[in-house]
Amino acid sequence: MNALSIRNLRKTYNNGFEALKGINLDVEEGDFFALLGPNGAGKSTAIGIISSLVNSSSGSVSIFGHDLKTDLSRAKSCLGMVPQEVNFNQFDTVRSIVMNQAGYYGMARKLATQRTEYCLKQMDLWDKRDTVSRRLSGGMKRRVMIARAMVHAPKLLILDEPTAGVDIEIRRSMWKMMQSLNESGTTIILTTHYLEEAESLCRNIAIIDQGKIVEHSDMASLLARINIEHFVLDLAEPLDKTPVIPGYQLERVTDKVLNVEVPKKLGLNQLFVQLSALNIKVLSLKNKSNRLEQLFMDLIDTSTAG
Amino acid sequence: MKYSIALRTIIVKEIFRFVRIWPQTLLPPAITTALYFLIFGKLIGDRIGTVNGATYMDYIVPGVILMSVISHSYANVVSSFYSTKFQRNIEELLVAPVPSWVILSGYVSGGIIRGLLVGLVVALISMLFDDIVINNLTITLSVAVLTATLFSLAGFINAILAESFDDISIIPNFVLTPLSYLGGVFYSVSMLPGIWQTLSKGNPILYMINAFRFGLIGVTDVNIELAYIITGGFIVLLASISLLLLHKGIGIKN
Chain Z
0 MNALSIRNLR KTYNNGFEAL KGINLDVEEG DFFALLGPNG AGKSTAIGII SSLVNSSSGS
60 VSIFGHDLKT DLSRAKSCLG MVPQEVNFNQ FDTVRSIVMN QAGYYGMARK LATQRTEYCL
120 KQMDLWDKRD TVSRRLSGGM KRRVMIARAM VHAPKLLILD EPTAGVDIEI RRSMWKMMQS
180 LNESGTTIIL TTHYLEEAES LCRNIAIIDQ GKIVEHSDMA SLLARINIEH FVLDLAEPLD
240 KTPVIPGYQL ERVTDKVLNV EVPKKLGLNQ LFVQLSALNI KVLSLKNKSN RLEQLFMDLI
300 DTSTAG
Chain B
0 MKYSIALRTI IVKEIFRFVR IWPQTLLPPA ITTALYFLIF GKLIGDRIGT VNGATYMDYI
60 VPGVILMSVI SHSYANVVSS FYSTKFQRNI EELLVAPVPS WVILSGYVSG GIIRGLLVGL
120 VVALISMLFD DIVINNLTIT LSVAVLTATL FSLAGFINAI LAESFDDISI IPNFVLTPLS
180 YLGGVFYSVS MLPGIWQTLS KGNPILYMIN AFRFGLIGVT DVNIELAYII TGGFIVLLAS
240 ISLLLLHKGI GIKN
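From first to last, the protein sequence lines are chains Z and B.
Just so we're aligned: the first sequence equals residues 0 to 305 in numbering that gives the first Met the number 0.
Just so we're aligned: the second sequence equals residues 0 to 253 in numbering that gives the first Met the number 0.
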């Protein structure tokens, strides 16, 4: 069964702006799915419609087979939503934020108390349970929103840029937490601007641009489409001029740093053989940009040109 | 009931909210009304004599109590729901399987409870200045509850349509307060010249204050049945508008 199914979804705002131009999207149960797109592409509108915060103009959305128009209550019960910006009452304590949300989902007090404790412990927030939420750090506030979204044990969890603006340590702990949730059976849809995050966590991906889905496939086959990879080489000795190696495009950034475009059909071995022959010793290499980032930019450029 | 837990959660949250900030919500009406009773009731009232057969203090106590119920039931819902909208934690309710009528009932119940609690505080303050024997408890309580319901609903609509904090203070300052003062809190409409009497009868608050006054001290300028019809009619109208606004997501959804 699909965790999420979207058919011909359109949204035109009152000012005439067409944010979604008839998108279709399927997310399978158990998936870890990336929904990517530049700012203003329509991601937030799509997520807003899925989570009942935005009215659609036409089209349909169903969550685990429950249509938002005809079976709203059941559809909502399957969904947990972690928004981009903090949206809880900052004068409430951490525990009351999560407990209240359990109440909105109709959970009896005893069960709500147990689930609140479980979720806060999962998010490493149990020690902060009686802290007024405005006193929490940014990372903790995001974890409160995840605990709140998880309290009714949703089958589908949407995280809208959950790691935006948090430090690398918290980001990595959130990655672990998301992977653990997914392994325990929760379907996850993630939107993020950190493409390495999407590449390392997600199995399937959709890219939305200008209100249309411009790519919808699994991550592996998308990455397999990359024909050229860009690397940065740190050299042991300085170079006077840019070396010429047939088949490869080299660019001297500084006297000890080279940028290289490596065609996939040629690979790296041949490059290193040629560099050795020119007596150029390489100390280290790294990807110039994230692989998905390059593809993402290519797809967005194509979409814009089209 | 399927949604009883969600409803109870909203009501309890609302009660905690106004109790937590009691110096802003419960204390000011006690001080203001004590001054009303002292200045208008005692110092000036003793020189006025009787109004429709009641001492002036007896006459103003019901009006002052109901005026407090009106302003606080309205203020509770308008400030709470607008803050919920402003801080975007309305989204907590919108993503959850909570129907519009539960959201409305929860916030309106919070407004009714605060309005009645403030009314009780003012009634207790009035006992320091006056001895009132309740004429009809059923009418007294039912008019207080219906009035609090009506103005909680009005506050809810104001909050939904408001786009700034200025918008939530315009109606209380420029509509509710004048209508309350002109609704016969401190005087009987029979004391007004002809045209002003007629105009006053177009003010719905006049009917509620007089019905409440009848319940408390047995004196009224209006027909009690008509007061119930007007109050009930407004409640049905405002509840329908509120539900329509919620259903369409006006002011709370894009």
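Think of the hints as simulated: they come from the structure by calculation, not from any bench.
Predicted, not measured: the structure shown is a model, and the values here were computed from it.
Backbone N, C-alpha and C fix where the C-beta goes; we use that ideal spot for every residue, glycine too.
Where hints are given, some of them may not hold.
To be verified - Under 7 angstroms between C-beta atoms, here's a sample of chain B residues computed to sit facing chain Z:
| id | residue |
| --- | --- |
| 1 | 5 |
| 2 | 12 |
| 3 | 96 |
Original post:
Does the interface hint hold: is residue 96 of chain B within less than 7 angstroms of chain Z, judged Cβ to Cβ?
Top reply: Holds: closest Cβ of chain Z sits about 4 angstroms from residue 96 of chain B, inside 7 angstroms.
**OP:** Report holds or violated for the interface hint on residue 5 of chain B, using the least CB-CB distance to chain Z and a cut-off of 7 angstroms.
**Re:** Hint on residue 5 of chain B: holds, closest Cβ of chain Z at ~5 angstroms, below 7 angstroms.
Subject >> Hinted contact residue 12 of chain B with chain Z - closest CB pair below 7 angstroms >> reply: holds (6 angstroms)
The structure shown violates none of the earlier numbered hints.
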